[in-house]
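Asker: This is what each chain is made of:
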Amino acid sequence: AQKVTQAQTEISVVEKEDVTLDCVYETRDTTYYLFWYKQPPSGELVFLIRRNSFDEQNEISGRYSWNFQKSTSSFNFTITASQVVDSAVYFCALTFNQGGKLIFGQGTELSVKP
Amino acid sequence: SAVISQKPSRDICQRGTSLTIQCQVDSQVTMMFWYRQQPGQSLTLIATANQGSEATYESGFVIDKFPISRPNLTFSTLTVSNMSPEDSSIYLCSVGRLIQETQYFGPGTRLLVL
Chain A
1 AQKVTQAQTE ISVVEKEDVT LDCVYETRDT TYYLFWYKQP PSGELVFLIR RNSFDEQNEI
61 SGRYSWNFQK STSSFNFTIT ASQVVDSAVY FCALTFNQGG KLIFGQGTEL SVKP
Chain X
1 SAVISQKPSR DICQRGTSLT IQCQVDSQVT MMFWYRQQPG QSLTLIATAN QGSEATYESG
61 FVIDKFPISR PNLTFSTLTV SNMSPEDSSI YLCSVGRLIQ ETQYFGPGTR LLVL
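Protein chains in written order, with our numbering: chain A, 1 to 114; chain X, 1 to 114.
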């Protein structure tokens, strides 16, 4: 079965704290792609990152970093020095070679307080 | 990334009526999808909109309730038929060129059924 689990439903931090959002996935496919999307209160879904199953290199983009570990089937997302504008729902998603369908986790609602 | 627009952005409808949502992309894309996001929930794929042929529906979604058209590679419509309050959701279209590439989402249509 293909599945994405985001065990953290809600996280609340104070500005400037670091925060890590967890994502665990299940798939039998050897080729797959993982994504993180951000959904601010306005509702649109903003793409953050894509990773393919053959690239386990971690990535850093400004205050954002991602840790992909195939051994634990995890693709965690860390925000360093969080800001109020980071407040949003964050979704981890998985796709594989079956038509491009995205399977989403339940989302983690991040609240950053000043 | 493609520029995606959806119309209407929001609507309030009476039960028993139907609403057609449009998704327009500024460039030709191979894949177009329709997702539903119920209040406080994650995104669930309704169907894949296939150009020139019938849409492919996910389990739990049927053509009579959610007819989809895709007349060309830049445009698709989703109709929510015979609406009930349970259909109150955000409906999002997404597009992509290849499975291994990123899917981008439209701004969504917020539907409230009274």
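Wrong hints could be hidden among the right ones.
With a straight-line cut-off of 27 Å between C-alpha atoms, the simulated DSSO-like cross-links for lysine-lysine are [what the hints assert, rightly or not]:
id, chain 1, residue 1, chain 2, residue 2
1, A, Lys-70, A, Lys-113
2, A, Lys-70, X, Lys-65
3, A, Lys-16, A, Lys-101
4, X, Lys-7, A, Lys-101
5, A, Lys-3, A, Lys-70
6, A, Lys-101, A, Lys-38
7, A, Lys-70, A, Lys-101
8, A, Lys-16, A, Lys-113
9, X, Lys-7, A, Lys-38
Covered stretches of chain X, as calculated for chain A (at least 3 residues, CB under 8 Å) [said to hold, decoys possible]:
id, region
10, 41-50
11, 89-97
12, 107-114
Take a look, some chain X residues computed to stay more than 10 Å from chain A by CB distance [stated by the list, open to error]:
id, residue
13, Gln-14
14, Gly-16
15, Met-31
16, Glu-58
17, Glu-101
Hints were generated in silico from the structure; no laboratory data involved.
All values reported here derive from a predicted model rather than from experimental measurement.
Every residue gets a Cβ at the ideal spot worked out from N, C-alpha and C, and that includes glycine.
Asker: Determine for every hint whether it applies to the structure shown.
Answerer: How the hints compare with the structure:
1. A distance of roughly 33 Å separates the Cα atoms of Lys-70/A and Lys-113/A; the hinted pair therefore is violated under the 27 Å criterion.
2. Taking the CA atoms of Lys-70/A and Lys-65/X, the gap is near 40 Å; set against the 27 Å cutoff, the hint is violated.
3. Note on Lys-16/A and Lys-101/A: the hinted pairing is violated, with a Cα-Cα distance of about 36 Å set against a maximum of 27 Å.
4. At most 27 Å may separate the alpha-carbon atoms for a hinted pair to count; Lys-7/X and Lys-101/A meet this at roughly 23 Å.
5. Pair hint Lys-3/A plus Lys-70/A holds up; C-alpha atoms about 15 Å apart against a cutoff of 27 Å.
6. Of the supplied pair hints, the one linking Lys-101/A and Lys-38/A holds, its CA atoms being roughly 18 Å apart against a limit of 27 Å.
7. A threshold of 27 Å between alpha carbons decides the hint, and for Lys-70/A with Lys-101/A the separation of about 21 Å falls inside it, so the pair holds.
8. About 9 Å separates the Cα atoms of Lys-16/A and Lys-113/A, which keeps this hinted pair within 27 Å; it holds.
9. For the hint linking Lys-7/X to Lys-38/A, the alpha-carbon distance of about 22 Å falls within 27 Å, and the restraint holds.
10. With 6 residues bearing a CB less than 8 Å from a CB of chain A, the region 41-50 of chain X meets the requirement of three and the coverage assertion stands.
11. Closer than 8 Å: that is the beta-carbon criterion, and the region 89-97 of chain X has 4 residues meeting it against chain A, so the requirement of 3 holds.
12. Using a Cβ-Cβ cut-off of 8 Å, 3 residues of the region 107-114 of chain X lie near chain A, which meets the minimum of three, so the contact claim holds.
13. With 10 Å as the threshold on Cβ separation, the claim that Gln-14/X sits away from chain A holds: the shortest Cβ distance comes to roughly 23 Å.
14. No beta-carbon of chain A comes within 10 Å of the beta-carbon of Gly-16/X; the shortest separation is about 26 Å.
15. The claim that Met-31/X is not at the interface with chain A is violated, since a C-beta of that chain comes within 10 Å of its own (minimum 5 Å).
16. Residue-level check failed: Glu-58/X sits 8 Å from the nearest beta carbon of chain A, not beyond 10 Å.
17. Distance to chain A contradicts Glu-101/X as a non-interface residue, since its nearest Cβ pair spans about 8 Å, not more than 10 Å.
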